[in-house]
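A.B. asks: Each chain, written out:
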Amino acid sequence: MRLADWTEIGRMDELGRMDSPVHRLDPRAKVLVSLVFIVLVMSFPRYEISALVPFLFYPVGLIALARIPMRHIMKKMLIAAPFALLIGLVNPLFDRQPMCSVGPLELSGGWVSFISILFRFVLTVSAALALVAGTGMYRLGAGLERLGLPRVFAMQLLFLYRYLFVISDEAARIMRGVRLRSVGSGALGLRVYGSLVGQLLLRSMDRADRIYQAMVARGFDGEIRLLQQSVPGWCDAVFAGCSLILLGAARVWNLSDLLGIWLAGGVS
Amino acid sequence: MHMADALLSPAVGGTLWAVSGGLIAFCARKVKQTMQDHLVPLMGVMGAFVFAGQMINFSIPGTGSSGHLCGGLMLAILLGPWAAFLVIASILTIQSLFFADGGVLALGCNIFNMGFLPVFVAYPLYKLITKGRHGSPLAWAASIVSAVIGLVLGAFGVVLETTASGISELPFGSFVLVMLPIHLAIGLVEGLATATVVSFVFRARPEILQAEPEAGIRIRPILVGLAVAALVIGGAFSWFASTHPDGLEWSVVRVSGSEEVAGSNAEIHQHLAGFQRKVAFLPDYGFKAGEAEEEACDAWPSVSAGATVSGLVGGSLTLGLVVLTGLALRLRPVRQAK
Chain A
1 MRLADWTEIG RMDELGRMDS PVHRLDPRAK VLVSLVFIVL VMSFPRYEIS ALVPFLFYPV
61 GLIALARIPM RHIMKKMLIA APFALLIGLV NPLFDRQPMC SVGPLELSGG WVSFISILFR
121 FVLTVSAALA LVAGTGMYRL GAGLERLGLP RVFAMQLLFL YRYLFVISDE AARIMRGVRL
181 RSVGSGALGL RVYGSLVGQL LLRSMDRADR IYQAMVARGF DGEIRLLQQS VPGWCDAVFA
241 GCSLILLGAA RVWNLSDLLG IWLAGGVS
Chain B
1 MHMADALLSP AVGGTLWAVS GGLIAFCARK VKQTMQDHLV PLMGVMGAFV FAGQMINFSI
61 PGTGSSGHLC GGLMLAILLG PWAAFLVIAS ILTIQSLFFA DGGVLALGCN IFNMGFLPVF
121 VAYPLYKLIT KGRHGSPLAW AASIVSAVIG LVLGAFGVVL ETTASGISEL PFGSFVLVML
181 PIHLAIGLVE GLATATVVSF VFRARPEILQ AEPEAGIRIR PILVGLAVAA LVIGGAFSWF
241 ASTHPDGLEW SVVRVSGSEE VAGSNAEIHQ HLAGFQRKVA FLPDYGFKAG EAEEEACDAW
301 PSVSAGATVS GLVGGSLTLG LVVLTGLALR LRPVRQAK
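Residue numbers (my numbering), protein chains in the order written: chain A, 1 to 268; chain B, 1 to 338.
If you are wondering where the hints come from, they were derived from the structure by calculation, not from laboratory data. Quick caveat: nothing in here was measured; it's all calculated off a predicted structure. Hints may contain errors.
So the derived list for chain B, only partly shown, Cβ under 8 Å to chain A, looks like this [stated by the list, open to error]:
| hint | residue |
| --- | --- |
| 1 | Ala52 |
| 2 | Gly166 |
| 3 | Arg205 |
For every residue, glycine included, the Cβ atom is placed at its ideal position computed from N, Cα and C.
With the rest of the complex left out, here is chain A:
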């Protein structure tokens, strides 16, 4: 976790605060559709590619309607890619059975499944990022709580999110102090490291204590009350209904195959 990552999370926060048709949808509808989307994408057999393409409509539509810069999402995807990529790259090594041929080119099963893994990665990650960037953490947390997430955990998510920036500022200050007083790399000896992180820990705990005092002073009695915000309207129902039907259709029928066959049939 480097400093650049923090500006990234701040950017996501900014995006989540924007206002667009997507942002105005009820968070529960978006969470539900996104979960169904991810499960459907993952449920395809190993060698499927063409049937996955229509699923791109969902994240792309969401990102476009929410006016999130596509570049931003793509950059985040690239940063997250290495693990899935590395494991996926093993497939062509182990699965060398020729599977299909495109003209003179023979593709082994391993390459087909690797491309399929790439596609799954792009789909699932972009859907999750679009959900967060198009909802914002506070709305999302409240929505999850109303979907049945234990309240203690929903609160934990919101508290963690709230203090991420505060505590990371603290850490950044400590690191700045270290850099000003030492020459060379930022890597520290174990002993210095222990006291720096320990110091950060103590400061964080003290801060938690002050927060607690402040909460008690404002009448906190151990029970957290979340503000009930949005009332789901027909817009949300239409969004959820339509997306679920379309996703279901794309799962049952290979839509891009259908399109290809229809065109091939029509032209020739």
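Given chain A, work out where chain B should sit, using these hints.
C.D. replies: The following block gives chain B in isolation, referenced to the frame of chain A:
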């Protein structure tokens, strides 16, 4: 160690989602029961601390690289297992949502591997060895040993879950051989970092560590729980992994009642495909061909050259449509809401 959705099957992901979801609900109840109110903000801030602590690196003695704290074991030492589990789960959730570090459906797996195993397996071990004597050489050894065990178990979990999903071709044995040494090393570093920070805290503010978050955890219920979880997961995994390589095929077999139906489906598919090929090359029957294929596509893809070509053509066309839709949606004028 964060798993991505792309390599998981819904059966494995769903099972572990259920397991981790149950654990979250259970721990949430536990925290509420033993509630000291001050734990509410403390948990949130400690989660933020683990994030921020990763900004500070130390150089690993003897090597050129540097390491940082991951924090699972340390949270358990400072907050007790129930609260620590919730904090770790929340950290992983934020990582998956904001950094795409680990998938959304893979969250169950990740919480199990990096939350349950360190908190409910490694931490009791740490407690057993140290018996409250923080900062002693024994505690250093304990924290290294239990961090290593927690991480290696977690890595083993990653291997099991990936193999059971059957999307990756990586053989079980070599995957284990790759993952375990790496996580052995990471575990050593993690244990070292944890021990350093804990012993600093013990010297500076011993009361934090002495104030036991709760009256100790009993090992036996946890072992029983672990055994049950292992049985359930092992059973589910081996079932999915052995007879049904793809979760979907499994569900189809379950829906259709027997595997023979799938076989006859394939036959129908052959017939329809043959019929459709005959028809499709007559120009006027384009629409009919579409209808025939609609049924044919229901059966499982047996790859033929025709299907590949139509898949390619249709796939790239759909891709083009997606791009166009995205651009069109973007061109719409912005309507400001009140």
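A.B. asks: The structure should be examined with respect to each hint, and the outcome stated for every one.
C.D. replies: How the hints compare with the structure:
Of the supplied interface hints, the one on Ala52(B) holds, with its beta-carbon coming within about 4 Å of a beta-carbon of chain A, less than 8 Å. With 8 Å as the threshold, the beta carbon of Gly166(B) comes within range of chain A, its nearest partner Cβ sitting at about 7 Å, so the hint holds. Taken as an interface hint, Arg205(B) checks out: its beta carbon lies about 6 Å from the nearest beta carbon of chain A, inside 8 Å.
No hint from the list above goes unmet by this structure.
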